[in-house]
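Start from chain A and add chain B according to the hints.
Residue numbers (numbering that gives the first Met the number 0), protein chains in the order written: chain A, 0 to 280; chain B, 0 to 249.
Hints were generated in silico from the structure; no laboratory data involved. Just to be clear, a hint being listed does not mean it is correct.
Unchecked claim - DSS-like cross-link-like pairs, simulated, lysine-lysine; straight-line CA separation at most 25 angstroms:
| hint | chain 1 | residue 1 | chain 2 | residue 2 |
| --- | --- | --- | --- | --- |
| 1 | A | Lys67 | A | Lys191 |
| 2 | B | Lys59 | B | Lys47 |
| 3 | A | Lys151 | A | Lys191 |
| 4 | A | Lys67 | B | Lys30 |
| 5 | B | Lys24 | A | Lys191 |
| 6 | A | Lys270 | A | Lys8 |
| 7 | A | Lys67 | A | Lys237 |
| 8 | A | Lys191 | A | Lys154 |
| 9 | B | Lys117 | A | Lys67 |
| 10 | A | Lys151 | B | Lys47 |
| 11 | A | Lys270 | A | Lys35 |
| 12 | A | Lys114 | A | Lys237 |
| 13 | A | Lys154 | B | Lys30 |
| 14 | A | Lys35 | A | Lys237 |
| 15 | A | Lys35 | A | Lys114 |
| 16 | B | Lys24 | A | Lys154 |
| 17 | A | Lys237 | A | Lys270 |
| 18 | B | Lys59 | A | Lys151 |
| 19 | A | Lys67 | A | Lys35 |
| 20 | A | Lys270 | A | Lys239 |
| 21 | A | Lys67 | A | Lys114 |
| 22 | A | Lys8 | B | Lys24 |
| 23 | A | Lys114 | A | Lys84 |
| 24 | A | Lys114 | A | Lys151 |
What the hints assert, rightly or not - A partial selection of chain A residues facing chain B, derived with a Cβ cut-off under 10 angstroms:
| hint | residue |
| --- | --- |
| 25 | Lys8 |
| 26 | Arg12 |
| 27 | Phe15 |
| 28 | Leu26 |
| 29 | Ser49 |
| 30 | Gly53 |
Ideal Cβ positions, reconstructed from N, Cα and C, are used throughout, including at glycine.
This is what each chain is made of:
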Amino acid sequence: MTFAERMLKIDRRIIFLVIGFCTLLPLLYPVGLPIKISPEVRGVYDYIESLPEGSVFLLSLDFDPASKPELHPQAISLLRHAFRKNLRVIAMTLWVSGTGMADQVVTQVAREMGKESGKDYVFLGWSPGGTAVIINMGQDLYGAFPADYNGKPTKGLPVLQGIASLRDVSYAVSLGAGNPGVEAWYVFGKDKYQFELGGGCTGVMAPGLYPLLRSGQINGLIGGLRGAAEYETLIGQKGKAIAGMDAQSATHLAIIVLVIICNLFYFSLRKQAKQQGHSGA
Amino acid sequence: MAVETIIGAWVATGLTFFIFSFLYKDNPLFKLAENLYVGVSVGYTIVKTYDTVIVQLIWKPIVENGEWALLIPVAIGTLMLTRYVPKAAWLSRYAFAFIVGVGSGLAIPRTISSFILKQIEDTIRPLMILVPGDGVTFTWSLLNPASSLNTIIILIGVSSVLFYFFFSVEHTGPGKVVARTGILFLMIAFGAAFGYTVMARMSLLIGRLTDLIEFTDPSYGRPSLWLLGLTILILVVMARRSSSNPPEEQ
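Excised from the complex, chain A in its bound form (with noise of 0.2 angstroms):
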C-alpha cells in the first residue's frame, strides 16, 4: 500500500481529534485575530443605534438550546446594545423549546444593566400558533400575549404604553434558528404590518437569507458566531462570539489543508493509476 492510499484510509478519529485541538488550543491560548465588520452586520447596529430614547424595540428569540452557541451571544449584544440605548425592549420566542433560555438571557442581561422587567422591558414568553402569532400581534398585541411570562397581565404594564399592535414597534429583530424565523416575520409581520425588521440566524440558515437582504426585505443580517463577533465589536464589549473566533479560524485553516492534501492524494492516487494502466496495456 501507497502513503498515499494508507493516507486516504487514515482513521477518521485522527482528523476529529486534529479538529478537536485546532479548536482548542485557541480557547486556551487566543491570538486575538483582527474582525471585520461586515456591512450586513452594520445595518442593524446602525439602525438601532440612529433609534431614538423610548423607540420600541421588539427582539423575538427564535431558537432552542440546540442552536445557543450561535444565537446566545447574538440575542447577549443587541440586548446590551439595546439597553444601552435606553429603548423599549419587548422580548418573546415562537419556539416553546426555547422558552426558559430565553427568559434566562433576557433577565440576565437586564439585571447586568440595571433595567427593570415591565417598566424597562417585558419578556412575553412564548404562546401557540407559529407564524399565527406573528399575524395576531399585528391585529392585537394584548390578544396574542394577555400576560407576560411571569404571569403579569399585559394591559397596564409602563413598558407597554402606547404600543396596541406590532405597527407601533420601531424595530424588530428575530434570531431564528429555522422556521418559524426570519423569514415568517417578513412574511407575516414586517410585509403586513409595516415595521423595518433585522435579522439574526444560524450559519447555516444564513445563506438562504441573502435575497432578503439584497431586496431589502430585511436591514441587516447577523449570521453565526462570527456575526455575533461583529456585534460584540461594534458595541465594544468582548464576549462568547469574539473568544470563539479564533478557535473558528483555525478549524476552517485546518479543514482547507485537509481538504487540499485530500485532493493531492487523490490525483497523485488516479496518476499512478493511469501509468499503470498504461504500463499493462
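Quick look at chain B alone, frame taken from chain A:
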C-alpha cells in the same frame, strides 16, 4: 456559587462527554445521553404547552374572566382527538379542514408576495443606474450588492439555472453552454452553503468547548476534568470487555 448551578455544570459536562464519546464509537454512554435529550425535550415541551395553552389561554380566561367564546376553538381542537375513536374519526376532518383552509389562506398570498414577486422585482433591476446630473452610470464594485456588475451576474445566474432545469429543449450547442453556466452557479451556491454549514458546526463545537473550559474552574468542582477521566475509563473498560468476549459466530 448556587448549588443548582454547580449541579447543572456537572450534568451538562457529563452529557457533553457522553455525546462526544460517539466520535470514538457507538456506546451505551452515548445512547444514555441521546435518550435523555429526547426525553427531556419532549417532557419540557409538553409541560410548557400544557401550562401556556390549557392553563393560561383556555382555563383561566374561561373560568376567571367568563370568556365563553373560547369554547368554540376548544371544540374545534377537541375534534382532532376523535382520530382515536374509529367510529367518530370522521369528525376530525372538520378540524383539519379548518386548519388547512385558514393556513393556506394566510400563507399562500403572503408567500407569493414575499418570496416570488419581491424577488423577481429585485432580479429585474435596471442593469445601469440613472443618476440625476451624471446620466447613466455603470458601477463595477463586486463588494456592493447593489452595483450594476452584481445585477448582471445575478441576471445571468438566475437565467442559466432556470434554463438548466428546463428539460423540454435538448441541452446541445449554445443551450449546452447556458446549462453548463447554470451548473457553475449551482456549484458556487452549494459551495457557499456548505462553507456556512461547516462554520456553523464548528461554532457549536466551540460553544461546547468554551463551556467545558469554564467548567474546569475549581468553583464548579472541576467537572470537566473528573468527568473526562471517568468517560475515558468507562470506554476503556467497555473496549477491554468486548475484546475479551468476542461476538459468537453465527
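Review point. Which numbered hints turn out to be false for this structure?
Key: 1, 3, 5, 9, 11, 13, 15, 16, 17, 20, 25, 29 and 30
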